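Using the sequences provided together with the hints, build the complete structure.
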Amino acid sequence: MPQRRHAPSRSGKAHPLLRAKLSRPNVGAHVLQRPHLIRALIEHSDCALTLVVADAGYGKTTLLAGYARAVARPVVWYSLMGSDADPVVFGRYLLEGFRREHPRFGRDFHVALEEARPELLSVEMLAGTLANELAALKGPPHLLVLDDFQEVAGN
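Take the sequence shown: its letters are residues 4 to 158, numbered as in this note's numbering.
Any given hint could turn out to be false.
In silico SDA-like pairs for lysine to any residue, Cα to Cα no more than 20 Å straight-line [to be verified]:
1) K141 / C50
2) K141 / P106
3) K63 / L25
4) K63 / D151
5) K24 / S86
6) K141 / K63
7) K63 / T53
Calculated directly from the structure, the hints in this document are not laboratory data.
Remember, it's a predicted structure, so these values are computed and weren't measured experimentally.
Shown next, in the form of structure tokens:
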């Protein structure tokens, strides 16, 4: 069973995080390599957003795992599930993903997540706080992979 990590909160309650959701998939040796697609992704890596869209089973996860191995930049991999449509849950996983590379990342974002209440939740405020934290990151740009985005896209 995948291990859970508990993210501490201001209230003292721990929010369980499933580590497997923040782990890149282990792609086996017997997969179809697509170097031309990886090259195309690398050639467009200066774009702020790249979408890889295809039906289930076409190898999007395998392609992105190969791309993540090929680029020389920090990677935050987040495998989404339906429960990640909740902005606070989504934010906690993003925070943990970036903290793996930068342990002190996102202090203001952490406070905003802890103070968020469903009746007062401002997604714009959370997104703005996260954007400010990301803009302050030093070093090479990060690759953020939101795998299985269709699980939350309708929300």
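*Mind checking the alpha carbons of K24 and S86 for me, to see if they're no more than 20 Å apart?*
holds (12 Å)
*Is the hinted pair K63 and T53 satisfied, with a Cα-Cα distance of at most 20 Å?*
holds (12 Å)
_Just to be careful, I want the Cα atoms of K141 and C50 compared with a cutoff of 20 Å; is the pair within it?_
Roughly 18 Å separates the two Cα atoms, so the pair holds.
_Would the hint linking K63 and D151 be met if the CA-CA limit is 20 Å?_
Holds, at about 9 Å.
*asked:* Hint check: K141 vs K63, CA-CA at most 20 Å. Holds or violated?
replied: violated (29 Å)
*Is the hinted pair K141 and P106 satisfied, with a Cα-Cα distance of at most 20 Å?*
Measuring from Cα to Cα gives roughly 13 Å; hence the hint holds.
_20 Å Cα cutoff - pair K63, L25_ = holds (17 Å)
Checked against the numbered hints above, the structure violates only hint 6.
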